[in-house]
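Here the protein sequences come in this chain order: S and E. Numbered per this note's numbering, the first sequence spans residues 26 to 202. Numbered per this note's numbering, the second sequence spans residues 37 to 912.
Careful: at least some of the hints might be erroneous.
To be verified - Derived DSS-like pairs: lysine-lysine, alpha-carbon spacing no greater than 27 Å straight-line:
(1) S:193 to E:466
(2) E:728 to E:739
(3) S:67 to E:131
(4) E:423 to E:466
(5) S:95 to E:254
(6) E:334 to S:71
(7) S:64 to E:131
(8) S:193 to E:240
(9) E:334 to S:136
(10) S:95 to E:334
(11) E:769 to E:731
(12) E:150 to S:193
(13) E:272 to S:132
(14) S:76 to E:185
(15) E:77 to S:64
(16) S:67 to E:58
(17) E:58 to S:54
(18) E:334 to S:54
(19) E:384 to E:334
(20) E:254 to E:242
(21) S:64 to S:132
(22) E:272 to E:296
(23) S:54 to E:131
(24) E:347 to E:384
(25) E:731 to S:136
(26) S:76 to S:95
(27) E:131 to S:197
(28) E:769 to S:54
Claimed, not checked - If you anchor each label on the Cβ, the simulated ranges turn out as follows:
(29) S:78 to E:838: 41 to 47 Å
(30) S:78 to E:256: 39 to 45 Å
(31) S:58 to E:324: 20 to 26 Å
(32) S:132 to E:334: 43 to 49 Å
(33) E:660 to S:58: 23 to 29 Å
(34) S:78 to E:276: 25 to 31 Å
(35) E:446 to S:191: 28 to 34 Å
(36) S:78 to E:240: 18 to 24 Å
(37) S:58 to E:276: 25 to 31 Å
To be verified - Derived coverage of chain S by chain E (criterion: at least 3 residues anywhere in the stretch with Cβ under 8 Å from a Cβ of chain E; other residues may be distant):
(38) 68 to 76
(39) 121 to 130
(40) 191 to 200
I should point out that these hints are in silico values taken from the structure, not numbers from a laboratory. We put the CB at the ideal spot given by N, CA and C, even for glycine.
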Amino acid sequence: MDGGILEPSLYSIKALAILDNDGNRLLAKYYDDTFPTAKEQKNFEKNLFNKTHRANAEIIMFEGLTCVYKSNVDLFFYVIGSTQENELILGSVLNAMYDSISQILRKNVEKRALLENLDAVYLAVDEICDGGIILEADSIAIVHKVAIRNDDIPLGEQTVAQVLQSAKEQIKWSLLK
Amino acid sequence: MMLKRDKKEEEDGGNPFSNLEKSSVLQEARTFNETPINPRKCGHILTKILYLINQGETIGATEATEAFFAMTKLFQSKDTTLRRLVYLGIKEMSKIANDVIIVTSSLMKDMTGKEDQFRGPSIRALCSITDQMMLQSIERYMKQAIVDKVSAVSSAALVSSMHLGRGSQDVTKRWVNEAQEAVNSDNMMVQYHALGLLYHIRKKDKLAVSRMVTKFSKHSLRSPYAYCLLIRIASKLIEEEDAGSESPMFDFIENCLRHKNEMVIYEAAHAIVNMKNTTAKDLTPAVSVLQLFCGSPKPTLRFAAVRTLNKVAMKHPAAVTACNLDLENLITDVNRSIATLAITTLLKTGNESSVDRLMKQISTFMSEISDEFKIVVVQAIRSLCSKFPRKHNVLMTFLASMLRDEGGFDYKRAIVDCIITVIEENPEAKEAGLAHLCEFIEDCEHTVLATRILHLLGREGPRTPSPSKYIRFIYNRVILENAAVRAAAVSALAKFGAHCEELLPSCIVLLERCQLDSDDEVRDRATFYTSILKQQQKSLNSAYILNGLQVSVVGLERAVHNYTLEPSDTPFDLKSVPLATQPMTEQKTVTSRETGDMGVPKSMEKPVASRIDVYAEQLSGVPELANLGPLFRSSQPVELTESETEYVIQCVKHTFSHYVVFQFDCTNTLNDQVLENVTVHMEGGDGFEVMKYVKCASLPYDKPGITYTLIRLPEEPTAVTGTFTCSLKFIVKDCDPNTGEPDDEGYEDEYVLEDVEVTVADHVQRVIKPNFGASWEEVGPENELEDTYALSSMNSLEEAVKNIVLYLGMQPCERSDKVPEGKSSHTLYLAGVFRGGHDALVRAKLALTDDSGVTMQLTVRSSDPNVSEILASAIA
Chain S
26 MDGGILEPSL YSIKALAILD NDGNRLLAKY YDDTFPTAKE QKNFEKNLFN KTHRANAEII
86 MFEGLTCVYK SNVDLFFYVI GSTQENELIL GSVLNAMYDS ISQILRKNVE KRALLENLDA
146 VYLAVDEICD GGIILEADSI AIVHKVAIRN DDIPLGEQTV AQVLQSAKEQ IKWSLLK
Chain E
37 MMLKRDKKEE EDGGNPFSNL EKSSVLQEAR TFNETPINPR KCGHILTKIL YLINQGETIG
97 ATEATEAFFA MTKLFQSKDT TLRRLVYLGI KEMSKIANDV IIVTSSLMKD MTGKEDQFRG
157 PSIRALCSIT DQMMLQSIER YMKQAIVDKV SAVSSAALVS SMHLGRGSQD VTKRWVNEAQ
217 EAVNSDNMMV QYHALGLLYH IRKKDKLAVS RMVTKFSKHS LRSPYAYCLL IRIASKLIEE
277 EDAGSESPMF DFIENCLRHK NEMVIYEAAH AIVNMKNTTA KDLTPAVSVL QLFCGSPKPT
337 LRFAAVRTLN KVAMKHPAAV TACNLDLENL ITDVNRSIAT LAITTLLKTG NESSVDRLMK
397 QISTFMSEIS DEFKIVVVQA IRSLCSKFPR KHNVLMTFLA SMLRDEGGFD YKRAIVDCII
457 TVIEENPEAK EAGLAHLCEF IEDCEHTVLA TRILHLLGRE GPRTPSPSKY IRFIYNRVIL
517 ENAAVRAAAV SALAKFGAHC EELLPSCIVL LERCQLDSDD EVRDRATFYT SILKQQQKSL
577 NSAYILNGLQ VSVVGLERAV HNYTLEPSDT PFDLKSVPLA TQPMTEQKTV TSRETGDMGV
637 PKSMEKPVAS RIDVYAEQLS GVPELANLGP LFRSSQPVEL TESETEYVIQ CVKHTFSHYV
697 VFQFDCTNTL NDQVLENVTV HMEGGDGFEV MKYVKCASLP YDKPGITYTL IRLPEEPTAV
757 TGTFTCSLKF IVKDCDPNTG EPDDEGYEDE YVLEDVEVTV ADHVQRVIKP NFGASWEEVG
817 PENELEDTYA LSSMNSLEEA VKNIVLYLGM QPCERSDKVP EGKSSHTLYL AGVFRGGHDA
877 LVRAKLALTD DSGVTMQLTV RSSDPNVSEI LASAIA
């Protein structure tokens with residue numbers, strides 16, 4: 026339980042996970058060897074899920090780790106770090122992950138939509154955290170970097186450049202026909 | 037067909053990936069080789085592969101390599117999503133597939149290409165397949181990328197350098213100028229990553245780090261993450277320099293408390309709280325921002341604040357009192373972790389009057405929090421009990437209700453531990469506590485806890501005003517439980533019979549019934565105890581029931597083993613077995629009280645070999661020291677040299693029945709010398725005779741060696757103490773510090789050490805008697821000696837108790853080493869075994885007088901008159 030000062034380092038995230046409402050893994054990334062085998066990882070996820078799926082409390086200390094989490098419909102998002110880690114940093118990463126995925130899924134944050142766009146979700150998570158280092162924590166920037174099927178994103182949420190790009194493409198296609 | 041698919045999807049919760057077969061997916065990967073490439077289809081297959089890997093599926097090296105090579109074909113497609121998925125695939129497979137470096141050129145093309153979307157991710161993919169050899173070839177591109185104007189590229193390059201730098205710093209060191217430039221970037225993340233890399237490169241150079249912090253603390257960074265990192269670097273510097281709040285670094289951290297971003301403010305407050313040399317005044321600004329956070333609508337922020345305040349409360353409870361009102365509001369927080377932390381903090385800072393209310397509050401949600409937090413609550417209650425002994429009623433009731441609730445073993449054990457400590461510390465709480473424990477074992481699924489409680493009942497129960505009421509609880513165990521618990525219950529019953537005469541007949545009846553038990557151990561114990569109890573002799577009761585066996589378990593095992601190896605006509609002598617320094621059941625409570633006194637590891641629960649057993653083993657390996665008889669006692673090591681001198685010598689005294697072996701642990705700290713034929717010469721001590729020196733043949737630099745000196749004790753039985761002057765004698769040979777090769781020629785030299793003393797304590801082994809009164813009667817007044825002393829140099833009872841225990845080297849019993857506060861008189865009970873196996877007991881009645889310090893009436897009982905004399909005169 027006791028804190029202490031953490032070695033100054035860029036490595037602040039131990040793991041990210043997205044589970045469904047039965048506690049099954051949809052996506053999980055472990056960035057250090059706290060849980061070296063897949064079995065230990067899944068076991069940890071199961072236990073974590075059992076502790077968190079009922080009470081929507083946002084933060085829990087669990088098995089000597091700090092876990093921040095968020096849920097919507099049938100999805101549970103987790104960000105896990107050391108207990109000495111600044112909880113607000115973990116929280117900011119969780120928000121970045123949730124918000125960017127929410128935009129990618131067009132506010133339709135549920136399991137079916139997530140699985141349909143799994144490729145984009147993988148890319149987004151890859152842009153958020155690289156090997157335990159926070160790469161980007163601004164959801165707009167993340168979505169921009171993922172830039173997947175930008176023609177599907179509603180007009181209101183596109184940047185001017187994206188709109189121009191898609192307009193250009195449409196004109197090109199109409200000319201080709 | 038369509039219908040069928042829908043149905044199938046519903047069955048597995050609509051997860052199209054849930055039934056993937058590894059082999060068929062890898063089969064599908066062959067589609068990658070088709071031309072033209074269908075990006076959508078290939079992307080889907082690639083996603084499936086990524087999904088499988090992410091689920092923890094293991095893919096063999098051959099399979100992975102095959103898929104990896106197929107994947108490289110996808111570089112022909114220009115589709116952005118597909119290309120990015122390929123990067124992910126490369127990263128995932130870089131650890132399992134062979135020959136991954138073949139994609140290097142493709143990735144390098146993307147990295148330097150026009151498409152910005154590809155450049156960042158391709159750098160990261162490239163670095164995941166790069167090894168030290170290849171690093172040279174991409175170095176130039178990495179340097180360029182770090183200072184690239186596109187933030188994603190720069191960040192990717194910085195982060196990748198960080199990963200590479202973990203392996204070797206040599207290459208990344210050369211990128212320091214680029215990193216320096218990148219810190220000035222307008223992009224927040226680039227700034228953060230650059231600062232991290234810069235620190236990583238320079239962290240060995242304290243001066244450079246210090247300069248870096250000074251520079252950036254003025255420079256006002258943009259990224260809150262970078263600020264947090266800088267705060268951590270600064271607080272590490274403060275820690276290393278052992279500086280306090282006067283350091284300029286501290287000013288920087290304190291200034292961060294006024295930053296506009298919560299993350300930075302919290303990091304600064306957290307850093308200040310965790311510093312070692314902070315005063316209550318330094319903490320105040322940090323505590324007040326944390327107080328503000330307690331009212332935040334964000335649970336994470338509240339959690340962070342309360343957790344940190346809880347930490348403050350451990351060292352400076354007064355500093356947190358200002359937040360009591362805010363903490364009170366958090367007691368009802370929906371996040372139970374926050375509520376628990378708030379309450380435990382309040383318990384630390386609050387006063388006696390608020391205890392009742394807080395306890396009531398906790399009991400409303402105890403069932404909702406995790407075991408880990410419940411243990412935190414139990415620990416808080418434990419400290420509360422010793423802080424406010426008068427509140428034991430409320431706290432005990434609370435603990436009892438927690439015992440009744442559901443919970444795991446660790447949680448239950450924490451509660452039982454807590455109750456036992458309270459019982460031991462507070463005699464008033466004893467009866468209530470025992471009653472709760474009795475109730476608990478009625479329905480306890482943990483054998484370990486049940487036997488532990490039964491043991492406690494056997495020890496404490498007979499001495500309560502109405503012992504008969506515990507008999508029923510104990511006998512119920514005999515009827516209902518498993519063999520281990522039944523055996524423990526039988527022992528407890530016997531103790532009641534031995535201690536309380538009026539209960540003896542009924543105990544004998546109950547024990548006789550136990551002789552019909554189905555388990556051997558239970559029957560044996562019952563038979564043994566019944567026959568002893570029927571003798572109705574106090575000394576037997578004390579020796580065999582109330583104060584059981586006092587030998588070390590490991591020692592006994594070895595002694596019996598040796599006995600069976602060498603058949604002899606003489607019966608096995610229990611006195612030849614080394615005594616247990618502490619009986620195993622007492623170990624935990626005793627060590628936590630006198631931390632480290634006996635040099636045994638704290639969490640020792642199994643009978644591990646104790647120090648004396650280790651020494652006995654070690655000494656038996658020295659042929660010159662054979663035939664001394666069993667080892668009786670080994671002292672704590674004593675330093676005979678100042679630290680930091682040429683030779684470091686430690687002395688351990690081993691007492692045998694007629695001899696003392698002095699063990700000298702020597703270390704040579706000069707790297708240009710080798711010592712040979714090292715011995716320690718000893719002189720002095722009336723009647724003590726040096727018998728033998730066992731030399732240490734060679735003592736090279738920094739390799740500890742041992743030499744022994746054997747001394748025979750005087751014939752006169754009461755002459756036991758003496759002082760010896762010691763000098764280290766040896767032959768010095770100079771040697772080459774690098775090779776350690778010594779010269780042929782050496783010369784004799786000698787080195788004077790500090791004196792060694794043999795004291796009374798060296799002849800006494802500590803032994804705990806759980807029932808001191810019974811032992812006192814057992815030994816009897818035959819060799820009793822009594823005298824009164826004025827200890828004028830002692831100013832308090834605690835001091836007197838401490839010194840008496842130290843002089844005599846005996847074990848305080850019945851917790852009599854703790855002097856209740858505010859008393860002017862106290863009785864100390866000490867037990868031990870004198871060299872030669874003579875039981876020795878001491879009762880010291882102490883009284884504090886205003887003018888002449890402490891007056892002591894010392895009564896010694898022993899099985900040998902000489903021993904009584906030695907002990908009685910030891911204090912004078």
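For the pair we were handed, residue 728 of chain E and residue 739 of chain E, check the Cα-Cα distance against 27 Å.
holds, 24 Å
Verify the proposed pairing of residue 54 of chain S with residue 131 of chain E, using a straight-line Cα cut of 27 Å.
holds, 15 Å
Regarding the pair residue 76 of chain S and residue 95 of chain S, is the alpha-carbon distance no greater than 27 Å?
Cα-Cα ~13 Å, so holds.
Sort out whether residue 131 of chain E lies within 27 Å of residue 67 of chain S, counting only the CA atoms.
holds, 21 Å
If you check the beta carbons of residue 78 of chain S and residue 276 of chain E, does the distance land in 25 to 31 Å?
violated, 44 Å
Pair hint outcome, residue 334 of chain E versus residue 54 of chain S [Cα-Cα no greater than 27 Å]
holds, 26 Å
Keeping to a limit of 27 Å between CA atoms, is the pair of residue 150 of chain E and residue 193 of chain S held or broken?
Holds, at roughly 19 Å.
Under the criterion that the straight-line Cα-Cα distance not exceed 27 Å, is the pair residue 769 of chain E, residue 731 of chain E satisfied?
Cα-Cα ~16 Å, so holds.
18 to 24 Å was suggested as the range; check whether the CB atoms of residue 78 of chain S and residue 240 of chain E agree with it.
Violated, at about 46 Å.
Do the alpha carbons of residue 347 of chain E and residue 384 of chain E lie within 27 Å of each other, as the hint requires?
Holds, at roughly 10 Å.
Hinted pair residue 384 of chain E and residue 334 of chain E, Cα distance within 27 Å:
Given that 27 Å is the threshold and the Cα spacing comes to 25 Å, the pair holds.
Do the alpha carbons of residue 272 of chain E and residue 132 of chain S lie within 27 Å of each other, as the hint requires?
It is violated: about 43 Å lies between the C-alpha atoms, which goes past 27 Å.
Comparing the model with each numbered hint stated earlier shows that hints 1, 5, 8, 13, 14, 15, 21, 25, 27, 28, 29, 31, 32, 33, 34, 35, 36, 38, 39, 40 do not hold.
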